[in-house]
Amino acid sequence: GGIITQTPKFLIGQEGQKLTLKCQQNFNHDTMYWYRQDSGKGLRLIYYSITENDLQKGDLSEGYDASREKKSSFSLTVTSAQKNEMAVFLCASSIGGANTEVFFGKGTRLTVV
Amino acid sequence: GDSVTQTEGPVTVSESESLIINCTYSATSIAYPNLFWYVRYPGEGLQLLLKVITAGQKGSSRGFEATYNKETTSFHLQKASVQESDSAVYYCALAPITGNTGKLIFGLGTTLQVQP
Numbered sequence: 001g002g003i004i005t006q007t008p009k010f011l012i013g014q015e016g017q018k019l020t021l022k023c024q025q026n027f028n029h030d031t032m033y034w035y036r037q038d039s040g041k042g043l044r045l046i047y048y049s050i051t052e053n054d055l056q057k058g059d060l061s062e063g064y065d066a067s068r069e070k071k072s073s074f075s076l077t078v079t080s081a082q083k084n085e086m087a088v089f090l091c092a093s094s095i096g097g098a099n100t101e102v103f104f105g106k107g108t109r110l111t112v113v
Numbered sequence: 001g002d003s004v005t006q007t008e009g010p011v012t013v014s015e016s017e018s019l020i021i022n023c024t025y026s027a028t029s030i031a032y033p034n035l036f037w038y039v040r041y042p043g044e045g046l047q048l049l050l051k052v053i054t055a056g057q058k059g060s061s062r063g064f065e066a067t068y069n070k071e072t073t074s075f076h077l078q079k080a081s082v083q084e085s086d087s088a089v090y091y092c093a094l095a096p097i098t099g100n101t102g103k104l105i106f107g108l109g110t111t112l113q114v115q116p
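So the protein sequences, as listed, match chains A and G. Residue 21 in our numbering sits at position 21 of the first sequence, with consecutive numbering throughout. Residue 39 in our numbering sits at position 39 of the second sequence, with consecutive numbering throughout.
A portion of the hints provided could be inaccurate.
[To be verified] Partner residues aside, some chain A positions facing chain G, computed with beta carbon under 10 angstroms:
id	residue
1	8
2	35
3	41
4	45
5	100
Hints in this document: simulated from the structure, not taken from any laboratory. Keep in mind that this is a model prediction, so the values were computed, not measured. The beta-carbon is built from N, C-alpha and C at its ideal position, and this holds for glycine as well.
Please build the complete structure, drawing on both the sequences and the hints.
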């Protein structure tokens, strides 16, 4: 089996700061995703990528950048952290699209002070 | 838009009791979506519990079952006899059958607490 590793597990940033979250997968999956989960809300898609160097916007892409420089890694940048962005960010991957099984990492918890 | 609504938690049941977590969906842009139940056990990442891609079919895993009912647009999760190890957060989700849109649409999640 494979694993999705997200770093860091906890990230504390200052308001206005640029912050980067990293994700690695060893499934050799083509598609990778970033979701955000706020307390009391469902998961919302920020960005996804269907292959190396591809980027597709999700519903929540404003305020974020993403980068897929290698098949195995997918990073997410919060361009200017806001206090209302305290949330858990989940990285995921799948062999095909979202209609195939999607595997998730354990998440990065972001706190903005 | 497309959405998923599920039982609001937390749901507390005693070990060996039966369980049902309701899930209904609205798929205005997708005729017949694929339907999923994902689960997050304490300390672990979200993982697929079961999936059904054909209306009228039933999926099952780890003693859980869910039937894809397109008439009532429902995909309720059931288990006849829960165990303490089933304590987790359960998410109902849908995705398009074809195309790589990348989007899974999730419900808010239902926290299940099974008491010994």
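Check each numbered hint from earlier against the structure, then list the numbers of those it violates in ascending order. Going through the list in order, the structure violates hint 1 alone and respects the others.
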